[in-house]
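J.: Mind docking chain B on chain A? Use the hints.
So the protein sequences, as listed, match chains A and B.
With the numbering used here as the guide, the letters of the first sequence map in order to residues 1 to 218.
With the numbering used here as the guide, the letters of the second sequence map in order to residues 1001 to 1551.
Bear in mind the hints are in silico, worked out from the structure with no lab data behind them.
Ideal placement from N, C-alpha and C gives every residue a C-beta, glycine not left out.
None of the hints are false.
Just a few of them, taken from the derived set where beta-carbon distance is under 7 Å, the chain A residues facing chain B: (1) H17; (2) Q23; (3) E26; (4) L30; (5) G31; (6) I34; (7) T38; (8) L41; (9) T42; (10) A49; (11) P134; (12) G135; (13) H136; (14) L150; (15) G153.
Residues of chain B clear of chain A, computed beta-carbon distances all greater than 10 Å: (16) M1394; (17) L1485; (18) V1536.
With a straight-line cut-off of 30 Å between C-alpha atoms, the simulated DSS-like cross-links for lysine-lysine are: (19) K1284(B) to K1542(B); (20) K1194(B) to K25(A); (21) K29(A) to K1194(B); (22) K1194(B) to K1545(B); (23) K1493(B) to K1011(B); (24) K66(A) to K127(A); (25) K29(A) to K1284(B); (26) K1342(B) to K1542(B); (27) K1491(B) to K1011(B).
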Amino acid sequence: MSTVAQDASHPEYLAHHFSDIEQQKESAKLGMWIFLATEILTFGGLFCAYAVFRAWFPEMFHDAHKVLDLRLGTINTIVLIASSFTVVYAIYCIQRNNRTGTVINLALTLLFAATFMVIKYFEYSHKIHVGQLPGHFYFYDGLEGTNPHLFFGIYFAMTGLHGVHVLIGMGLITWVMIGTLKGRFSSEYYVPVEMVGLFWHLVDMVWIFLFPLFYLIG
Amino acid sequence: MSTATATFPQKHYLNDPPGLKSWLFTLDHKRIGLMYFFAIMFFFTIGGILAMLIRLELLTPQGDFFQSGDTYNQMFTLHGAIMIFLFIIPSIPAALGNFVLPLMLGAKDVAFPRLNLASFYIYVVGSIFCIYSIVTGAVDTGWTFYTPYSTSTTTSVVSMTSGVFVLGFSSILTGLNFIVTVHKLRAPGLTWFKLPLFVWGLYATAIIQILATPVLAITLLLLILERTLGIGIFDPALGGDPVLYQHFFWFYSHPAVYIMILPGMGIISETVSVFSHKKIFGYKFIAFSSLGIAFVSFLVWGHHMFTSGQSELAAMIFSFLTFFVGIPSGIKVFNWVTTMYKGNISLEAPMLYTLSFLFLFCIGGFTGIFLGALSVDVHLHDTYFVVAHFHYVMMGGTVMAFLAGVHYWWPKIWGRMYSEFWAAIAAFLIFVGFNMTFFTQFVLGSQGMPRRYYTYLDQYQPLHGFSSIGSWVLGLGFLIMAFYLVGSLFKGKIAGNNPWGALSWEWSTTSPPPHHNFETVPEMTHGFYDYDTVLVNEHGEKVYKEEPVSV
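In isolation and in its complexed conformation, chain A is listed as follows:
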């Protein structure tokens, strides 16, 4: 660390201010975990709002959840769990220098994510069509009970924020997929692939909580 080495001991992917690749990797991992903590707290605010309103209107939540399509929710859950598996497998492949395997698995992950979003699109458009909407926009008349629009307000806020994360995740996966195709990553250096993988697991995990909280009440 005492001299700014430009030789083989300081490869291109090692930033100048780190002394070795291990330090760089450890820093990236710690940074990513901290970032994931901030993500959990961001969603935490919404989970808190959910808890408050469910405690206030337990029956309304129970009634309102029945209009959600359990079938579509279940398919989406399976799809996302599968995508978590493929993203792990992509990292497994790059650790063994199998770039083709990495690209295939990342592509599969993208496919699953896209499936999730397409299904979400159909769910959303149905709700918009029949008026199961937040606040003033609510005009669905198939539900009794107090303030059912609150359920949909929280539903759209939480699944919407989650959906934005899915889209960001898809962008990131595309980015590391292109990087792999260009040969930027190898068993020596695959930190970005691993970090994107971590992010994707968070996106899955949030959904694992959202699914029972909205689709499996009662």
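T.: Quick look at chain B alone, frame taken from chain A:
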């Protein structure tokens, strides 16, 4: 202690690499810190001018040049929002911390230099949103954006809260960067309990930044949804709850108070030792009390809501927990004072501000205990007593510490000394002006003068008048400071590496430091507070004493 032979380095971070583009795209933490410094000083000036206008209006009981209460509401809201979100939160961590942290750790940069630059530009984008809001009608809700008023007022709430939302990301990314930097980029031999206490302060701050700010982000997002879509979560007419907004808001904003004060306490821990030429007393207590404050900060938000319809039990628990903040804060103050005890105190400007800090922070802290007590708070809630309290902590505490830091590191940042004579005059005016302005407000508040009114009963005029005159003294102090600091860049004496004879690593490199911070990685040859065994002589060389000097 500066040497007569001190020379100004030919190449340093300010001119190497040269050119405007190299500044705008720089990854150098020192340049990013400096760009932050200019940005926050710009907003400090605007916020300060607004404060002067508010005090000018309050000189007399009737409305003078603000023709309506609405204008006045916008003025104090902008003053608060600008000072909090654009000045004081980024002030010490993002400006001074960015500059000093890697130097203190013996590192070449922060862990993620690109992210560091990104957080600066995110700050710029956030501030543009805020300026846009000001231009398109400003905000009159108070800086807290309480619902239901914030969802019904016609002013530009969405653009302002969007700005604060964006600024939050800047703060989160800085915090994340600092935590990783402290964990992973310490030079060999620099273990946790050898770290300078400023690093501990920044570390505790960073923990709050990453844990609390996301909650503010989601709160403001919900507020924006409430305003644009009428989502109903905070709207009682739709079954929602405005008090829930207050819970969410203060869950961030009370810890945010410690985002403001903790790095200031870190600076004081440095300067009090350097200018007393004595080893810091109770190192571990100061370090752990920073973490203690960070921890307790998450458990006290309800003390902002004693009169907002919170359950009595919750109010009692929050009141009790609030008193706990006094313990780590008290530990720090006792350790600083004990550090000074029988020290060889020299009264350069950083020490003048350190003493101001100790004096004013104690008043601010103690009045915080008053306000944390339920029965007293019900009487003092929303009076000038509260205004005086948080100005004593925020301005008397954080801003004094910030000024101590600015003067302390000024020679390191620019390689030149400011005028000690004018600095002493400015420090005196600021201290006196501050107390004139705000001590009167304790009295006003206890007599029942409520916050946020632009007219008041005649009986309050003498104190309000005195307070307004104080604000002019305060403003004059800052004006003088601006002149001598800018002047020092052109005419200041060349500082040399270590004008204060300080022992932490940022003083072992040249002033201004080179692009890569250090020619060679510094080595742990002594502790950073070993002033009893290490003496820096007038040539900047370290002389090791055989025996510790007993006190």
